[in-house]
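Visitor: Line order of the protein sequences matches chains A and D.
To convert, note that position 141 of the first sequence is 189 in this note's numbering; the numbers rise steadily by one, no gaps.
To convert, note that position 272 of the second sequence is 320 in this note's numbering; the numbers rise steadily by one, no gaps.
Heads up, some of the hints might be wrong.
Quick list of in silico lysine to any residue cross-link-like pairs, SDA-like style, CA-CA up to 25 Å [to be verified]:
1) K313/A - E158/D
2) K154/D - T309/D
3) K313/A - L191/D
4) K313/A - S311/D
5) K313/D - E181/D
6) K313/D - V285/A
7) K293/A - T312/D
8) K313/D - D355/D
9) K293/D - R78/A
10) K82/D - E101/D
11) K313/A - R304/D
12) K293/A - G334/D
Derived by calculation from the structure, the hints in this document are not laboratory data.
Because the structure is a prediction, the values reported are computed rather than measured.
Listed below are the residues making up each chain.
Number of protein chains: 2
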Amino acid sequence: MQKALSPRAEVLLKALIERYISDGQPVGSRTLSKQPGLDLSPATIRNVMADLEELGFIRSPHTSAGRVPTPLGYRLFVDSLLTVRPLDSAEIYRLGDELSFDGDPKHLMESASSLLSQVTNLAGIVLVPRQEESFRQIEFLSLPGGNRVLVILVTHSGRVHNRVINVAHGYSAAELVEAANCFNERYSGRPFGDVRRSLLADLQEDGDAMQRAVKNATDMARQIFADDESSGPDVVVSGEANLLKVPDLGDVGRLRRLFETFSTKRDLLHLLDQSVHAESIQVFIGGESGYEVLDECSAVMAPYQVDGRIVGTLGVIGPTRMAYDHVISIVDVTARLLGGVLSAEVR
Amino acid sequence: MQKALSPRAEVLLKALIERYISDGQPVGSRTLSKQPGLDLSPATIRNVMADLEELGFIRSPHTSAGRVPTPLGYRLFVDSLLTVRPLDSAEIYRLGDELSFDGDPKHLMESASSLLSQVTNLAGIVLVPRQEESFRQIEFLSLPGGNRVLVILVTHSGRVHNRVINVAHGYSAAELVEAANCFNERYSGRPFGDVRRSLLADLQEDGDAMQRAVKNATDMARQIFADDESSGPDVVVSGEANLLKVPDLGDVGRLRRLFETFSTKRDLLHLLDQSVHAESIQVFIGGESGYEVLDECSAVMAPYQVDGRIVGTLGVIGPTRMAYDHVISIVDVTARLLGGVLSAEVR
DNA sequence: GTCTGGCACTCTGAATGCCTGAGTGCTAAA
DNA sequence: TTTAGCACTCAGGCATTCAGAGTGCCAGAC
């Protein structure tokens, strides 16, 4: 069944999809025959289109409409037909300009996401899987009022977490510093999972066997790490409002469910988890992902790396009918830029 | 013109608006005449409705439709006709249950906002005007890598800000602690504006006149405070997706602009600033606010206080046709609850 | 003076039918 | 293998019709 497409059929499919992407209307044989480059009569084109339809690459919404690409058609298109349009230097410059690091990685993610959404006019999305993180440094700060302590946790990638915890009795500043020092010496550089397991193991040992400082730190850190597990990886979505302009997603009910998916983030994470392990740019088309909310939607995602190590992934979500040639370039460049900014700052 | 409405007209207007809020259809005289409680013939009701229309409280979308309330009508309704429906204890319990403080005020705001949106099925909104904040404590933490310092700033209300700054040369841990101590002694308890001005003044003095530690701290803090001013107050909006289910806001173009307003937050802030100074619950109806995006929308906002001082405001945004009686109670209770949680934790 | 029943009038929205334009599939000829 | 021609189908625009809902106003009842 999956016999290789004839070169002519490929050219035709490519032309059809490009036309559909730019116009949004089903494409008929007459329209295509007028396309410069392929000199064929409408009738011939109809024959080829009939083949393409039989193979599942295109379909007609109804008898007397033109053809539109199916998800399978898009798949073939982005995988082997698409000619990616590289950005001109002005655009790259503009992208780089907008991405600045102010010390807070969360802000950086937000600006990357909103940058993506502005440039593509779609929804931007940036994901940082927290599993990969490793522990760098912890500090305890006593707060006025006696038995409350502010715990500051710095991860290897430079993220900072704060948490106020309640403790049984007050600690002196010196005690807190000592506790932090011990803890840092013991765990710095180890992945979170390690630290968490270690903390649980320490719980088993009898307290007296440990130094008092370490014990204090352990008690306090346990609250933090326990919480951290549940909070999972982080996603930033922005520019959802752009999707309201897209005529393809006209159905308000569908849009609503889509927005709900964005705001719960859980399903989104699950989907994007797949792209974290990919080496290069990935395109998810239509309901391929298994989420029926995302029928009619595509996602273009690229991993970004710090010092050669993939630390997250970023991209856009939009209608299946999007300008893949342009979007892919933008996502690609943005991923490199974000990786670059992070690499420069983290070392 | 604004002669007092006859009691009967008031009763009728109230019944009409209640009916319209629950049904969403223009209300005709026949429908109202069947309403238990007011025993009037349709014809009589028509006469009264004609008066109400002349006074601008209701209007008819077209000749043979019933009447719908105008913004002015809603105004009168919420101001003097509405009987607020108090929550039953189960509902209050449920609300209180969902609001828990985990040490991060940002999380608390987010959970309050999402709580509001879930319970009302509208968009929840929580605002913390940062102007009111005062400085409590600063700490400097040296990061591995030499000349980078993590600055942690704790405000009076318990908010924590992090920022990584680059410094000219490395500092020892002891130097940093000393700097922080000096700075805290000097400024703790003073409002941000004060501190900022003071920092600028110190810049004028010649460095040698100051203790070295204070000078270090001043240099670093200046970067933080300068930034902090620009970031302005904080808004959390959630549950926007709920507005997509509202049939009244069917116009996709309008919805899009509304969502853009939410995501830029600027206009929203400007609008809500007005409610910060109000003592009690406030209802903004339709385009009253001057923002034409918010035609067809109403906001119910209540300030919340910590230890008797108003620190922010919270509420919901939804269609003008919303169940005010219920929503007002929910917003009111949530504001008290949030105030309560904050008061308990901050002291 | 106030309320009510009745009646003519208006307007929306759904249903129907008609028509045109676009596009197809098939067949036969080049 | 390609092309031209032809019959066929269908969506969408347009006008028409029709029922239902609601109004305004008037004249009579209380």
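Visitor: All the hints need checking, so say for each whether the structure fits it.
Guide: A quick look at each hint next to the structure:
1. With a C-alpha separation of about 15 Å, the suggested pairing of K313/A with E158/D holds against the 25 Å cut-off.
2. Distance restraint check for K154/D and T309/D: the Cα-Cα separation of roughly 21 Å lies within the 25 Å cut-off, and the hinted pair is therefore satisfied.
3. For the hint linking K313/A to L191/D, the alpha-carbon distance of about 32 Å lies beyond 25 Å, and the restraint is violated.
4. Restraint check for K313/A and S311/D: the C-alpha separation of about 17 Å stays at or below 25 Å, so the hint holds.
5. Distance check on the hinted pair: K313/D and E181/D sit about 20 Å apart at the alpha-carbon level, within 25 Å; holds.
6. A C-alpha spacing of about 16 Å is found between K313/D and V285/A, which places the hinted pair at or below 25 Å, so the restraint holds.
7. Among the hinted pairs, K293/A with T312/D is consistent with the structure: their alpha-carbon atoms are about 17 Å apart, no more than 25 Å.
8. Restraint check for K313/D and D355/D: not satisfied, since their Cα atoms lie roughly 28 Å apart, outside the 25 Å limit.
9. Restraint check for K293/D and R78/A: the C-alpha separation of about 41 Å exceeds 25 Å, so the hint is violated.
10. At roughly 21 Å between alpha-carbon atoms, K82/D and E101/D fall within 25 Å of each other, so this suggested pair holds.
11. At most 25 Å may separate the alpha-carbon atoms for a hinted pair to count; K313/A and R304/D meet this at roughly 21 Å.
12. Restraint check for K293/A and G334/D: satisfied, since their Cα atoms lie roughly 24 Å apart, inside the 25 Å limit.
Of the hints listed earlier, those the structure fails to meet are numbers 3, 8, 9, in rising order.
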